[in-house]
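Asks: Dock chain B against the given chain A, drawing on the hints supplied.
Chains as they are written, first to last, in this note's numbering: chain A, -18 to 459; chain B, -18 to 459.
Please keep in mind that the hints were generated in silico from the structure rather than gathered at the bench. One or more of the hints may lead you astray.
Given that identical chains are not distinguished, each listed pair holds provided it fits within a single copy or across any two copies.
[What the hints assert, rightly or not] Okay, derived cross-link-like pairs now, DSSO-like style, lysine-lysine, Cα gap no bigger than 30 Å in a straight line:
id, residue 1, residue 2
1, Lys64, Lys130
2, Lys237, Lys9
3, Lys187, Lys407
4, Lys8, Lys44
5, Lys106, Lys8
6, Lys334, Lys305
7, Lys269, Lys299
2 protein chains.
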Amino acid sequence: MAQEKKFVEEITSMNEDFAQWYTDVVKKSELVDYSSVRGCMIIRPYGYAIWENIQRELDRRFKETGHENVYMPLFIPEGLLQKEKDHVEGFAPEVAWVTHGGQEQLTERLCVRPTSETLFCDHYKNVIQSYRDLPKLYNQWCSVVRWEKTTRPFLRTLEFLWQEGHTAHATAEEAQEETIRMLNVYADFCEEFLAIPVIKGKKTNKEKFAGAQETYTIESLMHDGKALQSGTSHNFGDGFARAFGIQYTDRDNQLKYVHQTSWGMSTRIIGALIMVHGDDSGLVLPPKVAPIQLVIIPVQQHREGVLEKAYELMNRLKGKVRVKIDDSDKMPGWKFSEYEMKGVPLRLEIGPKDIEKNQVVLVRRDNREKLFVSMDELEEKVLQALDTVQRSLYEKALEMREKKTFTARNFEEFSEIIEKTPGFIKAMWCGKRECEDNIKEKTGATARCIPFQQEKISDKCVCCGEKAETMVYWAKAY
Amino acid sequence: MAQEKKFVEEITSMNEDFAQWYTDVVKKSELVDYSSVRGCMIIRPYGYAIWENIQRELDRRFKETGHENVYMPLFIPEGLLQKEKDHVEGFAPEVAWVTHGGQEQLTERLCVRPTSETLFCDHYKNVIQSYRDLPKLYNQWCSVVRWEKTTRPFLRTLEFLWQEGHTAHATAEEAQEETIRMLNVYADFCEEFLAIPVIKGKKTNKEKFAGAQETYTIESLMHDGKALQSGTSHNFGDGFARAFGIQYTDRDNQLKYVHQTSWGMSTRIIGALIMVHGDDSGLVLPPKVAPIQLVIIPVQQHREGVLEKAYELMNRLKGKVRVKIDDSDKMPGWKFSEYEMKGVPLRLEIGPKDIEKNQVVLVRRDNREKLFVSMDELEEKVLQALDTVQRSLYEKALEMREKKTFTARNFEEFSEIIEKTPGFIKAMWCGKRECEDNIKEKTGATARCIPFQQEKISDKCVCCGEKAETMVYWAKAY
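Same shape as in the complex, but just chain A:
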């Protein structure tokens, strides 16, 4: 009863209060629970199953591109964190410090890793001697901690799960190729697997990673017109190598510094998944990432033969799609709402009348379209429908983003868009930090990226009006 009641409660409408809608959805679709630890979330089975699907697919793509997994320690000694100047400045203010182990006070504090560049560098220094040891293409799946003040499930939490790739190369060119290769892996993954269209580009100096020479990013747009940085790929040049002394003997017998990259994607992307595809009935999950792709709901299940038939269909679909049957004693209407809330892409209804007609009813979660399908063609039609839903979700998201992407030629246009129709703003920028700061201060928007695909909106900076050759995507962001 308690279980059922939960699903009658309406969730807040998106348009009424987007933040509350988000909170309602993550709680009521049972993705997360709050914990006794400030700012830390509990990822429940349904949420974790999404993360497992993301992990499996990303990991496959990493291995396909030659990467290997490793595991580095959870702790970083304070002295090690301090080795690269920009890096420590960026991270030291937001780390958790371990000062006691067992009964003893530590002589050197350990921070809980906020990211592991320093640990990888320390290891690379030991295992890289010759050009034969390069490249090193390592990745790690783990959790990291950043001491955030305000937190929201998936979007900003004190602890989050992620992967961090760390690579070392013989030349600057190879490091740059790797940086872009992994940015593309992220972009393709988002578009093909999560049905989230992304903008690829470079971060401005202000927005780049602490210690990076260049940071590249993929940016996606949420339903409320705010952007979300969905994955980043950094080229460190030889900065870390110089700080940590990572050198190799090249073919020409010269000692040279390696060139490094790092790249990461985190449970934050689940926040994007929710806010790009969700609607007022809850989650909407693209089939490829959905823990349950099709739920079978028997109608009038007490009638003879209904449950039997439902199980027969489930057994036919098993192994081909991720299928679940709900034969609990709740009313079908309750079940419909429950699995809509959970974003299950397809619902299969089967009752006595359907059996008579040798058909089933398939209902798409994304647009509620009903398909009457002959039982003889079940497998084929289900796979087709899942494919259609996956593609439709991408197209819908792309359309949404296009509708919410604007151009501004001057500061007035810029301000008006931010206020009235939040979304991406394409506008020219002179390159000065001052203008970036100014825009942030006056509108709340930040430079999301300098996209690879440049357009000439005008020849003047949207902020200062001086000469500008660079087009930037701006937006308020999570």
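Replies: Frame of chain A, contents of chain B only:
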């Protein structure tokens, strides 16, 4: 060159110095590296690939038995850790404490999880209301921290990777069934996948988990005659439920406490893998867990057609076995040693003479046996050989354990065995803690388990000589 040199260095012989042999093997087979963080290891690609295979197989078995994965926070507030009295006494002395987050000093210290019973209980309290919410069958893959004084890679480290299952049930019977079910999952996994024979049994009160009603264990025997606890499964009864207030409304409308279990297996098991199967040439990996199952080493690879043929064979085997080719410019002899050190179960040699004869040479890592195999039967013979190696390793390990399992009827026999022929000792025990303590103090041996399969060695306690009905497996242990 540096790379090659490493493999000429002899490793210490097992019989000469087992501890040094172990250290040599973990380092030289590139499983781990030491880190700048005291007691924390870096798991390198080859070591992590073993862990990934273990994870994949265990996770499959957990899911098959109805378990779901979740993720709980890394931190436990001090107050939460203290809720269950025995539990906090067991763990508080060996945890790492976070006292500062960012710039602020915390009002309540957080410990880095040494195990997550308290977090699961805190969550279960929120999500369990009715008998319909039971059972909860959760598992978590993560790292935990215990502030150990002396550490050794895999066997005892400050931080280690593991999985921890935590379940909640309506009745004591169901909890007991689950406890034994998971013990059996561990036992079958060890025997079928890792080729490690285990003894199943119950821990004595002295050796059980802090907060558990009963602890069950699987114990394996290492090459040096020391035991290694390889997995444990705990029945908590309703102890934690009472401490945390986890109650549900049963069908009869009564409020009842749940009954809980937890069970875990860690990267420690990789230590067992090394010490059960390894030999003086390095690692010996059972095919099922081996990252590389077969390595192809071309002989006279500069000769026309050799490399071509080697690649052709690799492509035939790909997807059927985990295969690697080494066509680097090192000498074949170097390569042989390298992959022997790494414990690759099968080596395939192919040279001009083999090509002439339409054959390849397969060499088993475990006993160096050479098999001459017609190329026409390659896939079949390779799969057969892997299967044989897997079974042989189990049998060899079982034989070793049997040879090192002794019985003692009195304390003199017991002491002599411990000193002269270390191994498992089957001996009777009266049930008194005093005798356990006494044996530990005088011989260094501990009660490994009260095996399910009891034998009557005598009717007197091996220590005090009083009446005894319980047979215990004793050993020195890791």
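Asks: Does each hint hold? Answer for all of them.
Replies: We went through each hint and held it up to the structure:
In the homo-oligomer, the alpha carbons of Lys64 and Lys130 lie at most 30 Å apart both inside one protomer (26 Å) and across protomers (27 Å), since each shortest distance falls under that limit. For the homomeric pair Lys237 and Lys9, the shortest alpha-carbon distance between copies (26 Å) is at most 30 Å, but the shortest distance inside one copy (55 Å) is not. Taking CA atoms no more than 30 Å apart as the test, Lys187 paired with Lys407 passes inside one copy only; the shortest distance there is 18 Å, against 69 Å between copies. In this assembly of identical chains, Lys8 and Lys44 lie within 30 Å of each other by CA distance solely across copies; the values are 24 Å between and 34 Å within a copy.
When the C-alpha separation of Lys106 and Lys8 is checked against a cutoff of 30 Å, the pair qualifies only between copies, where the shortest distance is 16 Å, while the shortest distance within a copy is 45 Å. In this assembly of identical chains, the alpha carbons of Lys334 and Lys305 lie at most 30 Å apart only when taken from the same copy (22 Å versus 57 Å across copies). Taking CA atoms no more than 30 Å apart as the test, Lys269 paired with Lys299 passes in both settings, with 15 Å inside one copy and 26 Å between copies.
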